[in-house]
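Build out the structure end to end from the sequences listed, making use of the hints.
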Amino acid sequence: MSVALRILDDGAWLSVDDQRRVSVSELWRLDAPEFCDCDLVDFIAEGFTEVSADGREVAVTTYGKCIACGESGVPGRLPVGRIREGSYEGYDRQHVVLRPIERRG
Amino acid sequence: MPTDVERWKSEVYGNEIREHLFRFAEEGWESIPEDEHDAWFERFKWWGLYHQRNGQESYFMMRIGTPNGVLEPGQTEVVAEIADEYARGPETNPEFGDGYVDWTTRQSIQLHWIKLEDIPAIFEKLEANGLSTQQACGDSWRNIVGNPMAGKAPEFVDALPVIEELNETFKGNEDHANLPRKWKVSVTGSPDGSGQGDINDLALEPASKEIDGEEVRGFNVRVGGGLSRNEPRLARDIDVFVRPENAVEVAGGISALFREHGDREDRYNARIKFLVDEWGPEKLRRVLQEDFVDFELESAGEDIREQYTYNAGGEEHGDLIGVHEQRDGNYYVGLNVLVGRMGADDTLELARLAEEYGSGEVRISQRQNVMITDVPEADLDDLLDEPLLEDYSPDPHPFMRGSVACTGTEFCSLSIVETKNRQVRYARWLKENVDLPEGVEDFHIHLSGCTASCAQPQIADISLRGMKTRKDGEPVEALDIGLGGGLGENPQFADWVGQRVPADEVPGAIENLLATFEDNREGSETFREFIARHDEEELEEFIEPEETSYEDPYMHNTKMTWYPYAEDDDMDASPAPTDGDGNSIVADD
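Order-wise, the sequence lines are chains A and D.
Mapping the first sequence onto this note's numbering, position 81 (from 1) lands on 81, and the numbers just tick up by one.
Mapping the second sequence onto this note's numbering, position 81 (from 1) lands on 81, and the numbers just tick up by one.
By construction, these hints were calculated from the structure, which means they are not laboratory data.
One or more of the hints may lead you astray.
[Unchecked claim] Across the chosen pairs, the derived CB separations fall in these ranges: (1) A:Ser-52 to D:Gly-439: 54 to 60 Å; (2) A:Glu-85 to D:Gly-580: 32 to 38 Å; (3) D:Glu-34 to A:Ala-68: 37 to 43 Å; (4) A:Arg-56 to D:Ala-532: 51 to 57 Å; (5) A:Tyr-63 to D:Asp-382: 55 to 61 Å.
We put the CB at the ideal spot given by N, CA and C, even for glycine.
Given below as structure tokens:
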């Protein structure tokens, strides 16, 4: 069963199966040392440009900035949830550290 | 590869959406297939309908396009009646109650909490009274803007007949119904610059040109302005003068050029401002001449931009608030509507006053205010004594007068923060607690919830834009602060010099900034001149956020509530979606 993934509202939302599921303006902790010098990037998501499914994991290419140091840019494809048995399950993004897909070995 | 939106548009778009919309309205909310929600909600925009945000499923924002902000006699009453009957949701707003009308920065009207099932009846009433939602949103010709007093106040060239002809030609026009992105047009005939052409996709600005030994008045053409997406652009001069009688052909040619050459592969790059970036104005003019216009274009005429006073940084308001004489010797009275929102009862009373004292006509400005027109001099005093004018003043305090705010997280999917109620609270607190430096009568504070910039923050004295930050470790709503924006002969966009200021510290930051201005001002320097005299580093130091007696009830993540002002605002407490009677629809499974 396929799942429809798309970016809506000028990059403000990730839509999964026609439901808005992930929004910009969330604050995420990132393990992305290439992005800035902070130990953990305190990242505000400002806009989504693409969505991809890597295996069962859903990731959004996101631009934003570290609210601690002010560095801005695109840290990579950030995993926000996964597909399980045809349904989307969002990660607890406020309480976990997200690692860009590109950083995985 | 075409985007999903382009694919949906290629299947059904334009006028034909209406029959589907009416079918869904007849059959009810649940008749829209769940896996087609994104597609239909995108299409419904063309008929002026935005599905409201998460937690408010089945409710729509309805935008009514009123060209140049002109509400003909009788139409204001119709809008008020529709707001009263249909724009009522399951909760009330603590500042504005229930059933209200928003006057927008593009001289349109927005109503909220509209139920799908009510749309045919609303359309019937609107259209019976000469109003329409057609193309109020979506990828086509939007509501055409200009100086709202076109045809009544002094003008260098008559703009209203041109606006009406453009509207007539391009509303419902299948050749221009499906553009790569929205198409915002401004036509200005007045010499004050109040049409805000510089921030539109297409601007016709007053100019004159000697042709065959005769001075001809018409318009210079600028293309590719806009504020959205952190990529603000001023419209660029393409070296074309157009006579009023050729405006439709030239504007249609540019719209067709955009249709053929705009980027349909990437919606972020689709607005014509990016095509102008890529091509430059010379190539755009050449392609327009070669492929889209059948007569020889005139080179640009002499503009009158040096006369622009509107939002030009001086002390002339230019916002049309107050009592002003018309060309015919009658008067118009501009009323300040704080953040552009007016209750249905007050809107009905506005209609009554317009009928009793004027011609019945009301006009909407790009500063979210309204004008009662055609008032004889002898009736002015009685109109000014009317109780409604105590709340919507023709002589408001500068902080009230200068406030503009977008819709915000109350209803909008894009916004990051609460806006309208917050700006109301900001304005009231500033009025009570902060003295403006001597001589400062015009001071604009625009609050936009996100980078879409519907409140046009980049052209304000103080620009506020929604953000998030942490305060005491907790996520809170915050604002970026920009300075130095404005229009006039030499328009400037604000520099974003204050980052992520917690929303409850913004009034303190403004108070401190104005004190810095007063202490360091040179002579009678205006605020805009003062800001322009300092570099970015110095301006950053002027932003000193501070907690004050101001209290902000919306610091929490209002975007994740179902309605920010509900007693139980948790997303799970939402009654939506509801049926045509407003009853919650319980899922079968």
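Now for the hints, and whether the structure bears them out:
no.: 1; hint: A:Ser-52 to D:Gly-439: 54 to 60 Å; verdict: holds, 57 Å
no.: 2; hint: A:Glu-85 to D:Gly-580: 32 to 38 Å; verdict: holds, 35 Å
no.: 3; hint: D:Glu-34 to A:Ala-68: 37 to 43 Å; verdict: holds, 40 Å
no.: 4; hint: A:Arg-56 to D:Ala-532: 51 to 57 Å; verdict: holds, 54 Å
no.: 5; hint: A:Tyr-63 to D:Asp-382: 55 to 61 Å; verdict: holds, 57 Å
Checked against the numbered hints above, the structure violates none of them.
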